[in-house]
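Novice: Letter by letter, the chains look like this.
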Amino acid sequence: MGSTLQEAKDRLIEDFSMFDEWLDKYEYLIDLGKNLQPYPEEKKTEDRLIKGCQSRVWMDWRLEDGRIYFTADSDAIITRGIISMLISVYSGRTAAEIAADDFSFIDRIGLRENLSPTRTNGLLSMISTIRSVAQNNI
Amino acid sequence: MDIQKIRNQFPELSEKVYGKSLVYFDNAATSLKPVSVIDKWLKMSEKYNANIHRAVHYTATVATDEFEAARDRVKDFLNAPSRDGIVFTSGTTASINLVAYSFGEAFIHEGDEVLVTEAEHHSDIVPWQMLCERKGAVLKVAGVDDDGYIDLESFKKLCGGRVRIAAVTHVSNVLGIVNPVKEMVRICHEAGIPVLVDGAQGIVHEKVDVQEMDCDFYAFSGHKMYAAAGTGVLYGKKKWLELMPPYMGGGEMIETVRFSGTTYAKPPGKFEAGTQNISGVPTFVPAIEMLESLNGGDSLAYGEAVNEYLADSLSADERIRVFGVPRRTEDKIPLFSFAVDGVHHEDLALLLDKMGIAVRSGQMCAEPLMDRFGVTGMLRVSLLPYNTMEEAEYFIKSLDKAILMLS
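Top line first, the protein sequences correspond to chains A and B. Just so you know, we're using my numbering here: the first sequence kicks off at 1 and counts up by one. Just so you know, we're using my numbering here: the second sequence kicks off at 1 and counts up by one.
Rather than coming from a laboratory, the hints here were simulated on the basis of the structure. Incorrect hints may have been included.
Said to hold, decoys possible - DSS-like cross-link-like pairs, simulated, lysine-lysine; straight-line CA separation at most 30 Å:
{"id": "1", "chain 1": "B", "residue 1": "Lys238", "chain 2": "B", "residue 2": "Lys156"}
{"id": "2", "chain 1": "B", "residue 1": "Lys182", "chain 2": "B", "residue 2": "Lys47"}
{"id": "3", "chain 1": "B", "residue 1": "Lys266", "chain 2": "B", "residue 2": "Lys354"}
{"id": "4", "chain 1": "B", "residue 1": "Lys5", "chain 2": "B", "residue 2": "Lys354"}
{"id": "5", "chain 1": "B", "residue 1": "Lys156", "chain 2": "A", "residue 2": "Lys34"}
{"id": "6", "chain 1": "B", "residue 1": "Lys266", "chain 2": "B", "residue 2": "Lys238"}
{"id": "7", "chain 1": "B", "residue 1": "Lys401", "chain 2": "A", "residue 2": "Lys34"}
{"id": "8", "chain 1": "B", "residue 1": "Lys354", "chain 2": "B", "residue 2": "Lys401"}
{"id": "9", "chain 1": "B", "residue 1": "Lys266", "chain 2": "B", "residue 2": "Lys75"}
{"id": "10", "chain 1": "B", "residue 1": "Lys266", "chain 2": "A", "residue 2": "Lys34"}
{"id": "11", "chain 1": "B", "residue 1": "Lys266", "chain 2": "B", "residue 2": "Lys20"}
{"id": "12", "chain 1": "B", "residue 1": "Lys354", "chain 2": "B", "residue 2": "Lys397"}
{"id": "13", "chain 1": "A", "residue 1": "Lys34", "chain 2": "B", "residue 2": "Lys157"}
{"id": "14", "chain 1": "A", "residue 1": "Lys51", "chain 2": "B", "residue 2": "Lys354"}
{"id": "15", "chain 1": "B", "residue 1": "Lys5", "chain 2": "B", "residue 2": "Lys75"}
None of the values given here were measured: they were computed from a predicted structure.
Let the hints inform the model, and build the full structure from the sequences given.
Specialist: Put into structure tokens, the structure is as follows:
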């Protein structure tokens, strides 16, 4: 990773601040979505499916040397972009680091109010999964 | 015809979303409201708010008259034989639940069957499933073919045995195909089976004459046909409404109440327990006036041209698969559900939203139909006569842009 959790968040906030139009922000999210690390097909199982999203989202994680690594996938590309953002910020951090974060950068990017409620629900479900994985591993 | 004159009557059409003019293509979910309907609702709330049917004072009389005038208007609109066959509800869902409960209580027993089709909205599936669970009855399902038409042969075969009621949609909210309900009613009646028709979409686009259709029940919502939200109608044949027990107990639905026992009012009062939607129901009058003026004359031809343009543009695009393919143009309402190869419906809906276009995405309360066509969801555009050719062209251009962004 190299950067800290804070640095990763700041970078995303800066990236998003470059676009005035929401369509451009979506274009950026789509790009992130297209470049998301591949997620193994065999891990697209019912128990890894996150509830509360209109599109389907699967999330998996592993603990390695005290750090949590997340992988995830979705059948919708904008959701994949959001996953990519969340992974760049939270994957490879310690459980304590993640649990201490307030996830407010989502609001600073303006994601929450610019996504439909159904999509926001999906976002919230993803965040709560990341958070509970962290809390269970402290 | 001056389409702008029509549009001026719908204030929401002048709204901007994200700085762009709103293109409202989600009419099958709910229609926009004309000024006449908004004014009626405001007047009923501002000046004549009083509870109906009970008090003798002036405003209560006005409110009652307005409410009952709506019943007369709906009766004429449907060509129902009697105003007593018009029950006001909160919407199509409430109307269907009323029948599933009340008819079910009186006439469905263990081992009986209820017949629905694969084209039904969840609102015309789940109440019957609940009834079947309650009574130990069995739900039978007639399929739809690849074009989205109900398979009449399979429907016919299922009509018989222990089927006690059939529930069929006039027009599917996903496929937009107008089903031959008159013929289906005839088939059912030959087998002695009463029929409920889900008219949520049908009432908006098709001329409905319940006597000609001969259906036993016709259920629809006000909010999809320009009237206030939270209003709905159940038309029922007198013989059934009289035999069916009440759905809810409470004020207004009674004749006399004693602790030793209560007797019930005659229909429709028997099914209108509690305070009704007293500000909303009177809006049926201006709403029906609007519907009748928009569904005839010049706007009909204009709407057909817009419809044809959309149908041609979508079906000519090789990336797009449209569901509900009409064999004759009159078999389809201006509603198009489709999937785009390799592109998720929700991504498309999000991008179109930012372009100012309101469409519907997802399963559209019809999961069995999604399974039938092997998709996890669809994108749906649905139009009303206030939509323009310019909007349709802008939509097709925007859709192309969105697909290119996503592929």
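Novice: Give a verdict on every hint.
Specialist: Structure-based check of all given hints:
no.	hint	in the structure
1	Lys238(B) with Lys156(B)	holds, 26 Å
2	Lys182(B) with Lys47(B)	violated, 43 Å
3	Lys266(B) with Lys354(B)	violated, 52 Å
4	Lys5(B) with Lys354(B)	holds, 27 Å
5	Lys156(B) with Lys34(A)	violated, 49 Å
6	Lys266(B) with Lys238(B)	holds, 10 Å
7	Lys401(B) with Lys34(A)	holds, 17 Å
8	Lys354(B) with Lys401(B)	holds, 12 Å
9	Lys266(B) with Lys75(B)	holds, 17 Å
10	Lys266(B) with Lys34(A)	violated, 64 Å
11	Lys266(B) with Lys20(B)	violated, 52 Å
12	Lys354(B) with Lys397(B)	holds, 14 Å
13	Lys34(A) with Lys157(B)	violated, 50 Å
14	Lys51(A) with Lys354(B)	holds, 25 Å
15	Lys5(B) with Lys75(B)	holds, 29 Å
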